[in-house]
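J.: Starting from the known structure of chain A, arrange chain B on it as the hints suggest.
Listed below, chain by chain, are the residues.
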Amino acid sequence: MSKLSTKHLLGIKNITVDDINLILSTAQNFKEVINRPIKKVPSLRDVTIANIFFENSTRTKLSFELAEKRLSADVINFSASQSSVKKGETLVDTVKNILAMKVDMVVMRHPNPGACVYLADRVDCSIVNAGDGAHEHPTQALLDAFSLHEKLGSLKDKKILIVGDILHSRVALSNIFCLQKLGAEVAVCGPSTLIPKHIEELNVKVFLNLKKALQWCDVVNVLRIQLERQDIQYFPTIREYTMQYGLSRELLKSIDREDMIIMHPGPINRGVEITSDLADGNSAIILNQVENGVAIRMAILYLLAGSMKSNT
Amino acid sequence: MLDRLAYQVYERHLDLSKMALLSLQPRGVELGRRILERLKTMYNSDDIRYGEIDITFYRDDFRRREEMLVPSATNLDFSLEGLDIILIDDVLYTGRTVRSGLDAMLDYGRPSNVELLVLIDRRFSRELPVQPDYTGRVVDVVSEETVKVIWSEDDKKNEVQLFSPSPKA
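Residue numbers (numbering that gives the first Met the number 0), protein chains in the order written: chain A, 0 to 311; chain B, 0 to 168.
Pulled out of the complex, with its shape left as it was, chain A reads as follows (with noise of 0.2 Å):
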């Protein structure tokens, strides 16, 4: 069991647990690769890598190529907004335009749910989903699930509670893939509008009470609030938003749970979703997923790459 299951990491919905293992085991000695003097590696000097995004990112973005770059790959990146989507191409044309130059991976971020799987079937290369509209982000959960690793051991019967907007996160859903597959009970927090209906069905439990729930929880992971993605207005206003599911330390004090794990996927809306103090405090591990998320991004290129034969 050294090769990962699949060709594409499209989602953590259907990568198997020895995959997530496997991923989050050669994350750790790419860790240590990138804590070195030299921070770089030959493997991948001989596959070259597309980055197209079709949406905003810097976290990323910028950890997928620093993640190449590590691994010696060449990286050429693309954005829509400077391109000919603009003019009227579609998805599967572009790709295979940019396939057309020998390129041999594809790292993708996409507004609509399902453009990686759908490209996967129609071109012929290697393709990670760096994000896709409302479904899934696979890197960002199993870097989450890295960082946790590393704080807690193993996530068997741990208990993470996510806060936020759950109906417009891509990291929620991956993360509870991710988690429920690692072992740990998982529970969403939020005002019912921002709830998807029916998230019951996946085993997860549901608070709309934000003392209640960090009472429950190990771990919280604070999302953002999608300021861009409300269409409707699910919730009066931001003020009252931050009043009931506001992270605060005179919360945490409340509940004498000062030490909680808090982790955050960024952007942060600083005394939106989490004040200043605590975002920057001892117990908040968001610098740390930042550092984690390229190391776990090496480890997805460089066993994607391997099962990837060469043609030489």
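These aren't lab readings, by the way, just hints derived from the structure by calculation.
Remember, predicted model here, so these are calculated numbers, not experimental data.
With the C-beta cut set under 7 Å, the calculated list includes, among others, these residues of chain B facing chain A:
#1 Phe61
#2 Thr73
#3 Asp106
Note that the Cβ used here is the ideal one computed from N, Cα and C, for glycine as well.
T.: Structure of chain B alone, referenced to chain A:
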């Protein structure tokens, strides 16, 4: 044989402050640790620099072989800048592992001198110009055969085994 190898190292490196042992993961580690133990008694000192380095990410056959390689841990907590390094591996065959080891090593600094210590030298099967400086034993085997070093916990029953390929049905 291990004692002899350790003595040879000792004879050439009287200045302990400049020397470091570096085993290649995973198969050189068993040998490296045993040489280290012997050198500690000889020098009567506990501060011999010793590291283990993983070369998986530096291999030249990545994506050219069927099965994936599982990386091992690198344990190296000193810089190699200006040191005399002794690379350690169990069996020297094509020389490609050593080549990867050299690459991996250079990412930790520029040693002033590098030597190679192996337990078994399979001569006549080299694909790269790599020769050992210290050799436990030379064996002549054809390339279809495999050589395996088996270590026992207490060193009482260390073995080197030759395997011939099973005849094809």
